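**Q** One-letter residues, chain by chain:
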Amino acid sequence: MDKFRMIFQFFQSNQESFMNGICGIMALASTQMYSAFDFNCPCLPHYNMVYGLGILLVPPFILFLLGFVLNNNISMLAEEWRRPQGGRGKDPSVLRYMFCSMAQRAMIAPAVWVSVTLLDGKCITCAFCTSVPVDTLGNASHPRLSQGEIQRVLARIPCREIYNGQQLIANEVAVRYLRCISQALGWCFVLLMTTLAFLVRSLRPCFSQAAFLKSRYWSHYIDIERKLFDETCAEHARSFAKVCIQQFFEGMSTDLVAARCHLPRKAPADAGEAAEKLLGITDQGTMNMALKSWHRCKPPLHLHPPALPTGNGWAGEGQPPTHPSAPRRETAAYYSCV
Amino acid sequence: MDRFRMIFQYFQSNSESVMNGICGLLALASVKMYTSFDFSCPCLPEYNVAYGLGIMFLPPIILFLCGLILNRQSLVMLEEWRRPEGRRKKDLAVIRYMCSSIVQRAMVAPVVWIVVTLLDGKCLICAFSGSVDPQKFVGFANVSTVQVQQLLAKVPCKDDELMRNNTSRKAVSRYLRCCSQALGWSILLILIIAAFLARWLRPCFDQATLLQARHWSNYIDIEQKVFEETCCEHSRLFAHKCILHFFESMRQEIKRHSFSLPWEREGVEGEEDLLRGITDQDQVNKLLKTWYYEKPPLDVSQAHQR
Numbered sequence: 009m010d011k012f013r014m015i016f017q018f019f020q021s022n023q024e025s026f027m028n029g030i031c032g033i034m035a036l037a038s039t040q041m042y043s044a045f046d047f048n049c050p051c052l053p054h055y056n057m058v059y060g061l062g063i064l065l066v067p068p069f070i071l072f073l074l075g076f077v078l079n080n081n082i083s084m085l086a087e088e089w090r091r092p093q094g095g096r097g098k099d100p101s102v103l104r105y106m107f108c109s110m111a112q113r114a115m116i117a118p119a120v121w122v123s124v125t126l127l128d129g130k131c132i133t134c135a136f137c138t139s140v141p142v143d144t145l146g147n148a149s150h151p152r153l154s155q156g157e158i159q160r161v162l163a164r165i166p167c168r169e170i171y172n173g174q175q176l177i178a179n180e181v182a183v184r185y186l187r188c189i190s191q192a193l194g195w196c197f198v199l200l201m202t203t204l205a206f207l208v209r210s211l212r213p214c215f216s217q218a219a220f221l222k223s224r225y226w227s228h229y230i231d232i233e234r235k236l237f238d239e240t241c242a243e244h245a246r247s248f249a250k251v252c253i254q255q256f257f258e259g260m261s262t263d264l265v266a267a268r269c270h271l272p273r274k275a276p277a278d279a280g281e282a283a284e285k286l287l288g289i290t291d292q293g294t295m296n297m298a299l300k301s302w303h304r305c306k307p308p309l310h311l312h313p314p315a316l317p318t319g320n321g322w323a324g325e326g327q328p329p330t331h332p333s334a335p336r337r338e339t340a341a342y343y344s345c346v
Numbered sequence: 171m172d173r174f175r176m177i178f179q180y181f182q183s184n185s186e187s188v189m190n191g192i193c194g195l196l197a198l199a200s201v202k203m204y205t206s207f208d209f210s211c212p213c214l215p216e217y218n219v220a221y222g223l224g225i226m227f228l229p230p231i232i233l234f235l236c237g238l239i240l241n242r243q244s245l246v247m248l249e250e251w252r253r254p255e256g257r258r259k260k261d262l263a264v265i266r267y268m269c270s271s272i273v274q275r276a277m278v279a280p281v282v283w284i285v286v287t288l289l290d291g292k293c294l295i296c297a298f299s300g301s302v303d304p305q306k307f308v309g310f311a312n313v314s315t316v317q318v319q320q321l322l323a324k325v326p327c328k329d330d331e332l333m334r335n336n337t338s339r340k341a342v343s344r345y346l347r348c349c350s351q352a353l354g355w356s357i358l359l360i361l362i363i364a365a366f367l368a369r370w371l372r373p374c375f376d377q378a379t380l381l382q383a384r385h386w387s388n389y390i391d392i393e394q395k396v397f398e399e400t401c402c403e404h405s406r407l408f409a410h411k412c413i414l415h416f417f418e419s420m421r422q423e424i425k426r427h428s429f430s431l432p433w434e435r436e437g438v439e440g441e442e443d444l445l446r447g448i449t450d451q452d453q454v455n456k457l458l459k460t461w462y463y464e465k466p467p468l469d470v471s472q473a474h475q476r
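As you go down the protein sequences, you meet chains C and S in turn. Going by the numbering used here, the first sequence opens with residue 9, and the numbers climb by one from there. Going by the numbering used here, the second sequence opens with residue 171, and the numbers climb by one from there.
Okay, chain S solo, but in the shape it has when bound:
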C-alpha cells in the first residue's frame, strides 16, 4: 500500500512523469487493442489492399490524436501560444520545446501499433498477397491472369474452401510474413538508434537554452495548476461568505418584522450561534423560499454587510 502510494505520489509530483505515465498507458492500450481486434481480411481483389493498409495506418492516426488530447500540456502550450502578450513576453523557444515534447510522447503509441502490426504480419499478408509474382510459386504458376488474382487474394483466408490444403498458399503466406517481420524489426532498430543519438547528442548542442526552455515550460504548467487551485479555494470562501451574509440578512429582516422576543443573549455560544436567529418553521420556510426566488448578489464587500 505504501509502495503504491509512493509511486502514485511520484507520478503526480512531476508533470513530466505524469505525461510519461499516460504515454506508457496508451502504448499498452494500443497493444491490447490490436490483440483484441478481430482481423478478418476480406479476401477480395479490390478490397484487400484498402483493408490491410487501412488497419495499419488508421488506428495510429487515432492513437496520435488521442495522445494529443489526453496530454494536458498540449492545452497549456496552445494557450501560451495564443495568449495576448500583455506584460509578459512570449518565448518561442519554450513553445517549441513544449511542442516537440508533446509530439514525441504522442508518437509512441502509433509507432507501437505499427511495429506490432508488422511483426504479426497479418496486415501485410492481406494487403500484398495480390502483388506477389505468381511465377515464383508452383501452385499459381500456370493459372490464367484473372483467376490468379482471385486466388492470390484468397491467400490470407486459411479456411476458404479453395485454399484449405494448398501448399503454395502457405509458401506465399510465409514469404510475406518474412518480409513483414524484417520490415518491422528494421523500423524498430532505426527508431531506437535515432532516439539514442538524439538523447546522446543533445547535450553537445545548446544545453543552456535547453535547460531554460525546460524550466520555463514546467513553470507555465505549474502556474496554471496553482491558478486553478487558487480559484477553487477562492470560490469556496466566496460561497461561504455569501451564505453567511444571506443568513444574517434574513435574521435582520425577521427581527424587523416579527414580534417574537429576541433570542440573543450576550456571551452565549453553541447552538444559538448555529441557529443564526432562525427559530421557527415559518422562518425556515421563508429562508428557503428566498434562497430560491431571490439569490443574493455576488458581492461580499463590506458595503453589503448591512
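Bound conformation, chain C alone:
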C-alpha cells in the first residue's frame, strides 16, 4: 500500500509526470481492451471490409477523444482561450504549447491500438481477404467460378470452420499471406510513429528553445494559479460559512431572549469554553426552534460586521468624523451608474 502511495506521490509531484502516467495507463488499457475484445469476422463479401476497417479505425478515434477528456488541462486551455483580455494580455504561443502537449499525449493510446491490431493481423485478414491474388497464390487447377462466387468463397477465409475453397486457394496460404502484409504494415507504422516522435523531440532544441522555455513556464503558471485560486476560494467559503452560522445562532439566541422577555441565564464565569460554544441555546425547545428556522428560513449571504461598543457608530476604521457625508455621496454616484 505504501509502495503505491509513494509511486502516486512521485507522479503527482510533477504535473508532467502525472500526465505521462495517465498516458501510459491508457496505452496499457488499450492493449488490454484489444485482447479482451472478441473479434468476430462476419465472413460475408461486403461486410468484411466495413467490420475489419471499423475495428481498426473507430476505437483509436474513441481513445483519442478519451485522452482529451481525461486530461484536466483541457478545461484550462479552453478557459484561457476564451477569456476576455482584461488587464492581462493573451499569449498564443502558450495556447499552442498547451494544445500540442495535450494532443501528443492523447495520440499514444490510439497509436498503440493500431499497432497491436496490425501486428496481430486479424483485422486486415478479415478486411482484405477478398482481395487475395488467387492467380499467383491459388491452386493452378481450380474450377472456373464466376466473380461473385469467388468473392463469396474468399470472404470465408477468416472463418476456418466454414471455409470450402481449398481447391481454389489453400486457407493457410491465404492467411499467411495476409498476416505477413498486416505485420509488415504494423512494423512500418510503429517505425513511422517512432521516427516522428524522435524528430519532434530532437529538432526542438535546434530551433525555438527560448520560446519553448517561456511557453512552458507560463503554461505551468496558469495551471498553478488556477489551483491556488480554487484553494483560496475554498478557504474563503469555509470562513464565510463559519461566520454566517455563528451569526445565525447568535441572532436566534437574541430573538428568543427578546420574544420570551426574560433575562438570559448568564453562564457562571468559570464555565469556560463550553458555555461559549452553546451560543446561548440551552434547552430542547430552543434548539428545535433553531433547527426549524435553519430549514425554513436560511439567513441571507450577508455577514454583519461585529458590533463594537463605540458611541458614534463608526466601528474601528478610525475615519475622521469630519466627512460623514462623503461615503453617502459616493454610494449614490455608484448606484446611479449601475
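Hints listed in this document are in silico derivations from the structure and should not be mistaken for laboratory results. Keep in mind that the hints are not guaranteed to be accurate.
[Said to hold, decoys possible] Covered stretches of chain S (in silico footprint by chain C; criterion: 3 or more residues with CB under 8 Å from a CB of chain C, positions within the stretch not fixed): (1) 204-213; (2) 257-267; (3) 289-299; (4) 325-333; (5) 379-388; (6) 400-407.
[Stated by the list, open to error] Derived DSBU-like pairs (lysine-lysine); straight-line CA-CA distance at most 35 Å: (7) Lys235(C) - Lys340(S); (8) Lys425(S) - Lys235(C); (9) Lys340(S) - Lys285(C); (10) Lys411(S) - Lys222(C).
This one's a predicted model, so the numbers in the text were calculated from it and none came from an experiment. Each residue gets a CB set at the ideal place from its N, CA and C atoms; glycine is no exception.
Chain S: place on chain C using the hints.
**A** Positioned in the frame of chain C, the structure of chain S alone reads:
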C-alpha cells in the same frame, strides 16, 4: 517497503543510474515483445527474405529510436550543443562524452532483440530457407528448379500440407537453426569482449579528461533539473502573490463603493483575515466575475500594490 523505497531513491539520486534503469527496462521490454509477437513466415518465395530480415532489423531500429527518445540526457545534450555561446564556453569533449554514453545505452535493447532473434532461429529459417543448396538434402535433390524454390520456401511452415511429414524439411530447418544459433552466440561473444576491453583499457588512455567530461556532463544535467524545480517554485509564489493582490484590490474597490460598515478591527486574527473583506454574496459574485473577465496583470512588484 523500506527496501523498495531505498532502491527507488538510489535510482533517482543518480541520473546515470536512472538511465541504466531505463536501458534495462527497454531490454526486458524487447524480450517480452519478441516472445509475444506471433511470428508467421509467409512461406512464399519472394516474401520470405523480406519478412525474415525485416523482423530481424526493423524492430531494433525502433528500439534504438525509443532508447534515444526516452533518455532525458539526449535532450540535455542537444540543448547544450545548439545553445548560443553567451558567457559560458562550450566544451566539445563533454558533448562527445554525453553523446557516446547515450548511444551506448540506446544500443542495448536492439542488440538484445537481434541476439534473441538469432538464438531462437525462426527469422533466419524463414529468410534463408530458399537459399540452401537443395542437392545436400535428399528430399529436394531431384526436383525441378522452379518447384524446389516453392518447396524450400515452405520449409518454415511446419503445418503446411506438403511439408507435414517431410524429413528433409526437418533437416533443412535444423541446419538453418544451427547456423543461426552459432551466429547469435558469436555476436554475443564479440560484443562482450569488446565491452570488456573498452572498460578495462579506458583508464589507460586519458583518464583525467574522462573524469572532467563526466563531471561536467552530470553538472549540466543537474543544473537543468534544478532550474526547472526553481521555475516551478517561483511560479507557485508568483501565483500566490498575484491572487493575494487581486483579493486586496477587490477589497479596496468594495470599500470605495459600498456603504456597509467596515469590518476591520485592530488586532483581530482568524476568520476575518481569511475573509479578506469579502463578506456577502454579491461581493463574492463580483470577485468571481472579475477574476474571469479581467484577470490581473502579471506584475507583483510594489508599484502595483496600491
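**Q** Against this structure, judge whether each hint is valid.
**A** Evaluated hints:
no. : hint                  : result
1   : 204-213               : holds (count 6)
2   : 257-267               : violated (count 0)
3   : 289-299               : violated (count 0)
4   : 325-333               : holds (count 4)
5   : 379-388               : violated (count 0)
6   : 400-407               : holds (count 4)
7   : Lys235(C) - Lys340(S) : 68 Å, violated
8   : Lys425(S) - Lys235(C) : 27 Å, holds
9   : Lys340(S) - Lys285(C) : 92 Å, violated
10  : Lys411(S) - Lys222(C) : 20 Å, holds
Hint check: violations occur at hints 2, 3, 5, 7 and 9; the rest are consistent with the structure.
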